[in-house]
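Which chain is which? The protein sequence lines are A and B, in order. 1 is the number of the first residue of the first sequence in our numbering; add one for each residue after it. 1 is the number of the first residue of the second sequence in our numbering; add one for each residue after it.
Hints are computed from structural coordinates only; laboratory data are not their basis. Computed from a predicted model, the values in this text were never measured in an experiment. Accuracy of the hints is not assured; some may be wrong.
[As the list claims (entries may be wrong)] Below 30 Å or equal to it, Euclidean Cα-Cα: the simulated DSSO-like pairs (lysine-lysine) are:
(1) A:Lys282 <-> A:Lys151
(2) A:Lys166 <-> A:Lys198
(3) A:Lys151 <-> B:Lys160
(4) A:Lys198 <-> A:Lys151
(5) A:Lys227 <-> A:Lys198
(6) A:Lys149 <-> A:Lys282
(7) A:Lys166 <-> A:Lys227
(8) B:Lys109 <-> A:Lys288
(9) A:Lys198 <-> A:Lys261
(10) B:Lys42 <-> B:Lys160
(11) B:Lys160 <-> A:Lys283
(12) A:Lys283 <-> B:Lys109
(13) A:Lys12 <-> A:Lys149
(14) A:Lys283 <-> A:Lys149
(15) A:Lys151 <-> A:Lys12
(16) A:Lys261 <-> A:Lys282
(17) B:Lys42 <-> A:Lys282
(18) A:Lys166 <-> A:Lys288
(19) B:Lys160 <-> A:Lys282
(20) B:Lys160 <-> B:Lys172
(21) A:Lys149 <-> B:Lys172
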Amino acid sequence: MAAHEEFFDISKPSVRRSMTLLAGGALIGLGLAGYGLFTAKGTRSHAVPPEAVALVNQRQILRSDFMTQTQTQFVLPFAQTSREQRRTVLEDMINEELMVQRGLEIDLPSYDPDVRNALVAGVELEVTADVLAQQPTPEELRAYYEHHKDKYSTEGVMQLRDLLVKSDASPPGAAAHAAALAAAAALRRGQTLDAVIKKFNLVDSGRFMDAGHADTGDIFQFALRAKLDDALYQATLPLHDGEVSDPVEETDGVHLIAMIKHRFPVAQTFEEASSQVWTDVKKEAQVKVRSANLAYLRSRADIITAPEFAQ
Amino acid sequence: MTRRRLAGLALVLLGIFAIVAWTHRRHVAGELLRTEPDQILKSPALLREAMRIGRPQYQGHCQSCHGAALEGDPARGVPNLAGNVWLYGNDPVDVERTILYGIRSGHPKSRNIADMPALVRTGQIAPDDARDAVEYLQSLAGRPYDKPAALRGRSIYFGKGNCYDCHANDAKGVTDYGTPALSGPTWIYGGDRESLYQSIVNGRHGMCPAWVDVLTPVQIRALALYLVATSALPRVSIVRH
């Protein structure tokens, strides 16, 4: 039997055929491995791939990004831009890529607060992009409003005097209490504020002052909340025009609130509050997505805290 | 024996053919990416290749929303791509960018400069103002309209509605922002009174996914060229402001 006949006769073993097939298989394997090696991501290349206009330390500057940048920079369709203009844009993009790579090389995000803030903002924007683009339905808005109705009212505004019977003792003595009670009674009887202040030696507490004088201008309710302790704040809220609070004891003495004018908060209808409801719904959705993202990041992170902060 | 030789020869020829075809395709892909999109539109051979690669991409990824004939769907706010009315410009470079990064897709490079605000729901204008603005738009579109309402609508357009700021003084839209023309004849969400009213009341936030991580660069380029070439009307110049 001729050698070539023996090679093709698969009913009989042939060393030559075995070696040939082995060599063929090895060559195919090498070819596939070589292709994978030279086309895989991260492979060093000296040729610019067709989808890129440049490689900067093996990072591509995409042709489409380059064309868009050129159009934007020169406000012209890409086809109408000159070679010079394109070259300028390309150089700028290469420079930018170099700077970004340098920033990563020196680990800028680890210590530069601006870069860190930009990264945080960028990630948050990416995470909340869907929420920002979503349209809450009228039903969702209405449901949110009904559930948070107490949030939607006009801000209360008042004009008042926070008067104080000073006391060096802490807690203030009985004399201070008696003076405050008498002053409140006098005001309720209709005596003028100035007369009562003078008669009972009251002073302004100093919490509502404007250029050294008592500020009797408009004060928003939220501002009042920031300036008064809780007991005094609660005593102030129900007062109507011309009313006086009961004495409230604090460390510096006994306080009396004389309400000059009080515009109470007015509940807003859904229609009146719709703009704010819209904003709040969006904000709440963003907060939820942000929290979920942080929970996910924490779940896969290895965070070790100092013993004194361990939960 | 001769048959076996022939079979071997056929196999070898098939292999050579496959290699040549693969090399050719890579070469064509390179050509499509390296050649300027405008030049490809003028080159029948390259355009044919672009259409060959782009058509199945359209059918596989875009057709479910934009329709088999690129006709769009006003009920869902899917733009008609066959009318050569392009929100972000009809230059193939602009179309390619939209395909790459999408519109409000969540990709940092997506087109996301402006949204149509819900002018009534946010309290910027009243429902009656919106009705008047609709009449003004009807007048721009050359349709029957209520004249006094359209006059009031005009002052809404240029006043508290602030519509002119995005849609331009002539209501022809601005491709830089992706804002549509409000003078017809093409309407993304429908040009009838009720559709326009709903757009003003509730706002619009159309989106298109980013395909940058799904399709290859050559598929995206080919798809952009396929879309531009398939659009029925002659190309118009880009409007930039």
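Each hint tested on the structure:
no., hint, result
1, A:Lys282 <-> A:Lys151, "holds (15 Å)"
2, A:Lys166 <-> A:Lys198, "holds (14 Å)"
3, A:Lys151 <-> B:Lys160, "holds (27 Å)"
4, A:Lys198 <-> A:Lys151, "violated (41 Å)"
5, A:Lys227 <-> A:Lys198, "holds (25 Å)"
6, A:Lys149 <-> A:Lys282, "holds (17 Å)"
7, A:Lys166 <-> A:Lys227, "holds (18 Å)"
8, B:Lys109 <-> A:Lys288, "holds (24 Å)"
9, A:Lys198 <-> A:Lys261, "holds (22 Å)"
10, B:Lys42 <-> B:Lys160, "violated (47 Å)"
11, B:Lys160 <-> A:Lys283, "holds (25 Å)"
12, A:Lys283 <-> B:Lys109, "holds (23 Å)"
13, A:Lys12 <-> A:Lys149, "violated (90 Å)"
14, A:Lys283 <-> A:Lys149, "holds (16 Å)"
15, A:Lys151 <-> A:Lys12, "violated (91 Å)"
16, A:Lys261 <-> A:Lys282, "violated (36 Å)"
17, B:Lys42 <-> A:Lys282, "violated (48 Å)"
18, A:Lys166 <-> A:Lys288, "violated (49 Å)"
19, B:Lys160 <-> A:Lys282, "holds (23 Å)"
20, B:Lys160 <-> B:Lys172, "holds (19 Å)"
21, A:Lys149 <-> B:Lys172, "violated (42 Å)"
In summary, the structure is inconsistent with hints 4, 10, 13, 15, 16, 17, 18 and 21 from the numbered list given earlier, while agreeing with the others.
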